[in-house]
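Below, each chain spelled out in residue letters.
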Amino acid sequence: MAYDKFSTLTSTAVPLPIENVDTDQIIPARFLKATERMGFGDNLFRDWRYNQDNTPKADFILNDSKYNGKILVGGHNFGSGSSREHAAWAVYDYGFRVVVSSFFADIFRGNCLNIGVLPVQVSADFLQKIFDVLEKDPKIELKVNLPEQKITLLATGESESFDINDYKKNNMTNGFDDIDYLLNIKKDIQEFAKTRPF
Amino acid sequence: MSAKKTLFDKVWDSHVVHQIENGPDVLFIDRHMVHEVTSPVAFLGLKNRGIGVLHPEKTFATADHNTPTTNQHLPVADPLSANQLKMLEENANEHGISYWGLGHEKNGIVHVVGPEYGITVPGATIVCGDSHTSTHGAFGAIAFGIGTSEVEMVLATECIMQPKAKRMRINVTGELQFGVTSKDVALFIISQLTTSGATGYFVEYAGDVFKSMTMEGRMTVCNLSIEMGARGGMIAPDETTFHYIKDREFTPKGAAWDKAMEYWQTLYTEPGAIFDKELTFDGSLIEPMITYGTNPGMGMGISKDIPTSDMVQGGASTYKKSLQYMKFGEGDSMIGKPIDFVFLGSCTNGRIEDFRAFASIVKGRKKADNVTVWLVPGSHKVEKAIKEEGILAIINEAGFELREPGCSACLAMNDDKVPPGKLAVSTSNRNFEGRQGPGSRTLLASPLVAAAAAVTGKVTDPRELMQKEMA
Ligand code: SF4
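Sequences listed follow chains A and B, in order.
First residue of the first sequence: 1, per our numbering; consecutive thereafter.
First residue of the second sequence: 1001, per our numbering; consecutive thereafter.
It should be emphasised that the hints constitute simulated quantities derived from the structure, not laboratory data.
Computed from a prediction, not measured in an experiment: that's the story for all the values here.
Incorrect hints may have been included.
[To be verified] Below, a list of computed lysine-lysine pairs in the DSSO-like style, where the Cα atoms sit at most 30 Å apart:
hint : chain 1 : residue 1 : chain 2 : residue 2
1    : A       : Lys33     : B       : Lys1211
2    : B       : Lys1047   : B       : Lys1004
3    : B       : Lys1004   : B       : Lys1211
4    : B       : Lys1321   : A       : Lys129
5    : A       : Lys150    : B       : Lys1166
6    : B       : Lys1211   : A       : Lys169
7    : B       : Lys1010   : A       : Lys187
[Said to hold, decoys possible] Only part of the chain B face toward chain A is listed, based on derived beta-carbon distances under 10 Å:
hint : residue
8    : Ile1020
9    : Pro1040
10   : Thr1157
11   : Cys1159
12   : Ser1191
13   : Gln1192
14   : Ser1196
15   : Phe1242
16   : His1243
17   : Arg1248
18   : Pro1252
19   : Ser1317
20   : Ala1412
Ideal placement from N, C-alpha and C gives every residue a C-beta, glycine not left out.
Take these sequences, add in the hints, and give me the full structure.
And the structure:
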């Protein structure tokens, strides 16, 4: 499914300074029973966000009205564990378009790119800076510029560049997806398939 | 002069349809395993695009994550689970895909049945919308988990677009001690590398320890590759591999087998090939392992004490949060901690060898009164072997019951959930917060450690029970 185009985004951010946030926390398995890609945002971080009686946990950041925005900032090794794309859907459906971390798990990063959420990997120092600044002032904005591959902390003007390969960058900018590309080279694929021994 | 190739290079390079400059490779996929949870949105995507499945004959579907492990002959009670299972069946039928649903003799966990029926072969590329697809790497295949968008891609085009991973080799030399299993080797490696230590890499396991391992053991090791962040793990095929796959339903036969063998025998890393990273461990130093925290990297030898926060890498606050969740203290010993649940099963340790190991300890003993024990075979084939080998009689005699195949308590998507606050010794692969049910606390370990906990009701070094028998 083609998705929204992405160029630049300036937004406040939600800090989650926890390491190794796994996809079972992002969306627990019992919420994976849907057969359509809808409504996963309600259960984003379900067990950190709600008590067992479904009342919100006051100390969790998504329940803190001071913090909101389209950018989620997570600790080192964000998105580890299960390959469930539902985790990326939940992040997207909740309203985030960018996830910032100093390190991403592979499959989660790939899943994000495939559905139009931009993973932005920054240095550990820069990540800490973002956390520090946001802790002091939740209104601080971050600017993510995909064409320039640059993320800027608007309060201080400090910025860092981030990596993304040209192909994925082009997809994100234009809202293309991989299947469009693959369907275009279907003839080559069919020729290749004939050469496979098993 | 061409560069020396690794096993990974050989298999990857032979599947590249297209290379995109400063972008991913287009990789051809030989086998696509499908299950009910990560596929419905992919099939819906095909429908929306008005396209079909390019190679239904390379695609295999089984139901496992949602399925109950008792009374499988009855309708599935949870309406959402039942709906997901029905969708898979409908999608498989519509597109002409082999479907091994609930009650089918070939039904079981996707990563258990693939190898059992010879769908998994050396030199193949194998994907599934499930991170533990790395299991199939035990056969010298490139196998890895994918997201639902990628499931749709493979259904539509039999290809995936991914950059080639970096190469890592992990050597474990020497001989394992008595009571140390493949699970312990894997948990040991993860404890050394952390859960992100192999991110961005494809791992080849080499050395005497893996050479002398059975296929079941190799599958356990490769299965857990993802828990250190690796894209996948693989082991060069050898006589053990060829012996295991010969004459399975989907493996090549006759002249096709001979031809395949010719190719499979070329699948090894050439001497002098360069890895981006190489690590070597002494296998004789590995103890039976147990985890104490909320990720698989938080593991240690069962006789050790939980490290203090000043000893660990990374953030002390995350570490403390993790121990707090587990209700453990820094410096605690794990031995003797009372256990509420024991789970033997999953795609990590739900194979016949795992049940043999469990039975070897519980034989002649009795289930501890304070524990609930779920023994869940990975497939009907495993279940059948348990009965035929007399293992069922042994475990029944010891006061345990056998359930029906499925993912069960590995991920708490079905009825088998560990209640809040309860402590479980589990042979599965993830000890994340709530993985086995909201508020559940998980200790990952081998089938031997699970058996020792099942009969003593607490964390026990299995070697104690094994040595008594030897004396
Ligand atoms: S047993 Fe667990 S890890 Fe394996 S496929 Fe099932 S849910 Fe996933």
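Going through the hints against the structure:
Proximity of Lys33 of chain A to Lys1211 of chain B is assessed by CA-CA distance (about 40 Å); at most 30 Å being required, the pair is judged violated. Restraint check for Lys1047 of chain B and Lys1004 of chain B: not satisfied, since their Cα atoms lie roughly 45 Å apart, outside the 30 Å limit. For the suggested pair Lys1004 of chain B and Lys1211 of chain B, the alpha carbons sit about 22 Å apart, so the restraint of at most 30 Å is met. At roughly 22 Å between alpha-carbon atoms, Lys1321 of chain B and Lys129 of chain A fall within 30 Å of each other, so this suggested pair holds.
Restraint check: the Cα-Cα separation between Lys150 of chain A and Lys1166 of chain B comes to about 25 Å, which is no more than 30 Å; the hinted pair holds. Between Lys1211 of chain B and Lys169 of chain A the CA atoms are separated by roughly 43 Å; this puts the pair beyond 30 Å, and the hint is violated. A distance of roughly 24 Å separates the Cα atoms of Lys1010 of chain B and Lys187 of chain A; the hinted pair therefore holds under the 30 Å criterion. Look at Ile1020 of chain B: its Cβ gets to within about 5 Å of chain A, closer than 10 Å, so that hint holds up.
With a least beta-carbon distance of about 4 Å to chain A, the hint placing Pro1040 of chain B at the interface is held under the 10 Å criterion. Annotation: interface hint on Thr1157 of chain B holds; nearest CB of chain A at approximately 4 Å, less than 10 Å. Nearest Cβ of chain A to the Cβ of Cys1159 of chain B: about 5 Å, under the 10 Å cut. The hint holds. Annotation: Ser1191 of chain B was flagged as interfacial toward chain A, and the flag is violated, the nearest CB pair being 14 Å apart, outside 10 Å.
Checking Gln1192 of chain B against chain A by beta carbon gives a least distance of about 16 Å; that is not within 10 Å, so the hint is violated. The closest approach between the C-beta of Ser1196 of chain B and any C-beta of chain A is roughly 4 Å, which is under the 10 Å cut-off, so the hint is satisfied. For Phe1242 of chain B, the shortest C-beta to C-beta distance to chain A is roughly 14 Å, which exceeds 10 Å, and the interface hint is violated. Because the beta carbon of His1243 of chain B sits about 18 Å from the nearest beta carbon in chain A, more than 10 Å, this interface hint is broken.
Interface restraint check: Arg1248 of chain B against chain A, minimum CB-CB distance 13 Å, threshold 10 Å, status violated. With a least beta-carbon distance of about 6 Å to chain A, the hint placing Pro1252 of chain B at the interface is held under the 10 Å criterion. Checking Ser1317 of chain B against chain A: minimum C-beta separation of about 8 Å stays under 10 Å; hint holds. Because the smallest distance between the Cβ of Ala1412 of chain B and any Cβ of chain A comes to about 6 Å, under 10 Å, the interface hint for this residue holds.
Violated hints, listed in ascending order, are 1, 2, 6, 12, 13, 15, 16, 17; each of the other numbered hints is respected by the structure.
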